[in-house]
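2 protein chains.
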Amino acid sequence: MTVLPESEVDVLIVGAGPAGLMMALWLTRLGVKTRIVDKRTGKVYSGQADGFQVRSLEILDSFGIGERVWKEANRMLEVSFWNPDENGTIKRNARSVNTIPGLSRFTESVLHQGRMEHFFLDAIRASSSPDYEPPQVERGVIPTSLEIDEAAAEDPHAYPVTVTLRHLTEEEATPTQMLSNLSDGLFRSNLAEDDVNDILSRSRARETRDEIVRAKYVVGCDGAHSWTRKTLGRDFEMKGETTDAIWGVMDIVPITDFPDIRFRTMIHSTSGALMVIPRENRMVRLYIQLKEVSAGGGRVDRSQITPELIFSTAKKIFSPYKLEYHYCDWWTAYQIGQRTGDHFSKLDRVFLAGDAVHTHSPKAGQGMNVSMQDSYNLGWKIGLVCKGVLPRHVLSTYELERKKIAKDLIAFDGKFSKFFTGRPAKDIQNETGVSDDEFQEAFHTSRMFTTGLGVDYQPTVLVAKPPSADPNPLKKSSATSTQSLATDCKLGQRFPSHRVIRQSDARVWDLHHKLPSDGRFRLVVFGGDISQKPQRDTVNALGAWLSSYLPRLPTIALSPAADPHSGSTKFRTDRDPSVVDVLLVHSAPRHEVEMLSDLHETYHPFDSKLGWDYDKIFADGETFYEEPARAYEKYGVDRGKGAVVGLRPDGYVGLVTSVGQDGQGEIQKWFEGIFQSI
Amino acid sequence: MTVLPESEVDVLIVGAGPAGLMMALWLTRLGVKTRIVDKRTGKVYSGQADGFQVRSLEILDSFGIGERVWKEANRMLEVSFWNPDENGTIKRNARSVNTIPGLSRFTESVLHQGRMEHFFLDAIRASSSPDYEPPQVERGVIPTSLEIDEAAAEDPHAYPVTVTLRHLTEEEATPTQMLSNLSDGLFRSNLAEDDVNDILSRSRARETRDEIVRAKYVVGCDGAHSWTRKTLGRDFEMKGETTDAIWGVMDIVPITDFPDIRFRTMIHSTSGALMVIPRENRMVRLYIQLKEVSAGGGRVDRSQITPELIFSTAKKIFSPYKLEYHYCDWWTAYQIGQRTGDHFSKLDRVFLAGDAVHTHSPKAGQGMNVSMQDSYNLGWKIGLVCKGVLPRHVLSTYELERKKIAKDLIAFDGKFSKFFTGRPAKDIQNETGVSDDEFQEAFHTSRMFTTGLGVDYQPTVLVAKPPSADPNPLKKSSATSTQSLATDCKLGQRFPSHRVIRQSDARVWDLHHKLPSDGRFRLVVFGGDISQKPQRDTVNALGAWLSSYLPRLPTIALSPAADPHSGSTKFRTDRDPSVVDVLLVHSAPRHEVEMLSDLHETYHPFDSKLGWDYDKIFADGETFYEEPARAYEKYGVDRGKGAVVGLRPDGYVGLVTSVGQDGQGEIQKWFEGIFQSI
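Chains as they are written, first to last, in UniProt numbering: chain A, 1 to 678; chain B, 1 to 678.
By construction, these hints were calculated from the structure, which means they are not laboratory data.
If you're wondering where the values come from, they're calculated on a predicted model, not measured in any experiment.
Do not take every clue at face value.
Pairs involving identical chains hold if they fit within one copy or between any two copies, as the list cannot separate such chains.
[Said to hold, decoys possible] Capping the alpha-carbon separation at 25 Å, the derived lysine to any residue pairs in SDA-like fashion look like this:
1. Lys418 with Glu292
2. Lys315 with Ser417
3. Lys33 with Pro5
4. Lys71 with Arg499
5. Lys407 with His225
6. Lys33 with Gly88
7. Lys71 with Tyr625
Please take these sequences and the hints and turn them into a complete structure.
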């Protein structure tokens, strides 16, 4: 028997789709030794997921990728609804806003998954430094066994997960569907069988290309057919409903006189339902209800489903408008259903994220977003545990926080799909139909969910909100928040971004651009009106206390790519910063504040090579160039006395307290609940 | 004697600084066969020019580069003025806006020249297509002779300019200053001698590395010591004034308690004057008056000027504030003076652009801008002449238009430098000083000039404005504009950018993003309120007339990179578009217009592969997400009856006329004066 090569890694990621790449990017920014493997040899160049929630865009922007998506993506701003008139002819009967205005600087947008994966890979590469080599995706690599040494599970220095990886040849890694029929658009659909066993059976004999990896953590981002999930056992099976409804999908450059082809459009016609998603590059995605085929309680006959069937159905629904195309970029079909699992991790050593632990229908554009946000939630936790900054018990917040989202998602999707598939009401009294008003109402109430901004994490050590709000079994923070001090910085929800003015140079910034995903917790000190001496003294007393308290917390090495919005970092600071970053946002008249002489050095830290940091103090108020900022009003903070808002590294609000001395106590209690040892 | 290799090229550019690269980019976007050579082997990585006018940013944005500069650059938003108080101690005595608000979506910004040159090279590469290979900068190549065949100068098919190029070795091309003393910051300053003769003398013996190039056009962008200018003869010498004043320049990361170090700051102290230009990467550029050294009517002793002298002077001026540094990126010194030439071209076959034809002091941040704008003015003219679209006589507008700018520039610079160097007024009555009020007044009146938006080109075939406005000798347009129809689209000035709403999908665009530098002239049809049938009929009658008239004009092949703001062009149209692009901006309520059925196909052209073009019709008015657009108000156009504005390929207004039948006549007359043959 051959002795297989063995190696150690902090984190092994299985699957290089959006969830896996988000995980890799986080760990890379934190400088954690990571490998990422994918069974496919090639990247995705067309089709697949395409919808970006505003929250996903905010998250991508926190890594410096968001503006690339935002520039290339098509923005969906308004939605139009078409229904049959009394003669059965489709007519536009309503127009509406698509994304709720004012929630975010982004709106819901569409760009194909492959472009975003390309941006992820660029960002991962950009994290390279003399001390750290970021991982490359190892393609054509598949795990064949996984074992956890349960006795070592709680040892922070152990590598208790043992995985065997097999390196495939190009031929083995190419799906048989692609070999046999290049035009089969179904091979990644939920109508297709899993091909892992197929791949394994073809590759079984060649164990010389196997290797053994010992990992501290393994994250399974390997999709709906997740090998990782199956390997974890029966407890991890997903449960849920599958309907008989089959939908077709086509990405085409349409040639049509349908007037709303560049708007998101819902058509309910006598020939079935259809949704138009206008995309980049003059393309449009059509979701088309296929009434002619049905799963009929079991598996559908895939041979029935052809692009010709899908397109001819679309043409019928569009009638009397004409629809043709010259270019078709991609097509597929899927069966509507919703499934999720009860367990998102085993022993907080092996985790599941994305489609591996929740599946649903694609029409609401949620899948890629919730998947990325799973690993956005998990990445910094694993990373900071690996770095010795956080204790292991923080990892259990992942399942608590994300399982709730997954349950909400499939409940939402079930309802949304039902509304969408239901026949249009010829009149409101028709009992079998879904009334138009009812559909629009469902659409509108779903919008908050589909922004991704409805996420509201439970009370734990990370979120100091009253345990009565959610009596979950995890350890709670001993800090007490005062939500009323910052009414629009909601505990458990993402801290919103509003415009503030940099004190040092009058430049207006979206505050999110000063909160990049670099692994740091943050205290946003809304200092109030510091032109008034008593308030300034209070803010400076907090600064003095922080200057003695923060050095007791760990430091964290920042990646060269950590601050993507402030230009390059040609000149480097001479020491690693604290894991807690402090920003001051005051409400005083800007020209009545001298940032160096009026304010404690905590708010403008000194570096022996770079001098004072001029990028930490911001004002509310007026500039010569833009509308007044009105940040205090938007954050719900009193302009006189201010507030302190504590943020997790993923930008969710964990603490709201006062600038005064009692606030110091709550800050200390919050951090004591979180960090490894203080 | 060796027979030298010979070849032909449409345009040979000498010099790969900002002017040369802008020229290359234009020609590349137009698909013109181009070579660009530079005597230096290396790119610029630090120092040199750094100031970007708002107009330069707009121009760079029209090629897709602007946002890269805008993201990395430091924005200068406010300016502060420091003067000695009664004890001689410097005190802030005024703060002011830096760029005039509301003129542009950009503000004056600072980034070192080398980054921009990098962006230029990327953009030139992006113009590659199956039919066109863009040029690479040929470094270490120097012309040694240039001759024009005057008899062939007016033959559009001739290559009448013969240039001998010498390919240098790495060693020959490296400036001796860099070999002998790496820290000599003066080697590119105007205190340094030209090194071309030095290079040539070292390389003279090796003629086997020479080649002969026959070019239709040569553009000398080879800087203040321009070999091209000298070769053209004595008539091309620059004339002007040189003062005795010497200034030092340092780019440092300052360690200072001076509170306004991140603002543009003018300090007049008892130890001399100093200007602070805050830059990217925590750097600051200091311009420091060196009173200890003087040209004294002749050449200054360069050995006197050291970084130690410059920095110690800066420290004195900053006192009582402290100034130190750990990092110095670059330093130099220069002598204040202004020079320009009477001739910008010889026979409209060899042209001079940038520092080759005007030099001045750097403090107002104009040099790189005016240089780039020279070749931005010239590039499309040469390119479209090479393509047979424009007649040669259009080339003579280059000298007319840009010589005026150069004269204005050196007049401005002389005045600005004098004000800046003048000693501060201890009180306003002090006759030898420049009063503070006077200086601020000069600064403020200069702002319109320093935006680059004050440019106002004269009446020619390109600009149909009354010849009485400027009785220059060039041929005039026979069209008559009606400026009152679009009061803020000023004839001869750049068409401003305001926000409009795309009819097809409600996305708000800066209108400049729909006017990329792709070589096309444009008609912006402000259609007025087309929800009213009489006005709609008028707009459609114009559309019908254009659909018969425009096919008589040439077509133009668009580069793959031609439309940098609308995403990539994965799917291509099936034919080249007209050299005249038509956009419609209406003022009707957006939801009362159906773009396909209400409007003539001129406004939504059909393509057999891509269907209708949904990117040509825009509305004024409201959206769900942003403040109302108010475009008609900002462009000064009547909401009811509208106007037609004709733009040159560089975005300057050439015609303002009515939407009605008389407008058709003026449009025809304007184009007949411009195009080769109609």
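Where does the structure disagree with the numbered hints, that is, which hint numbers, in rising order?
6
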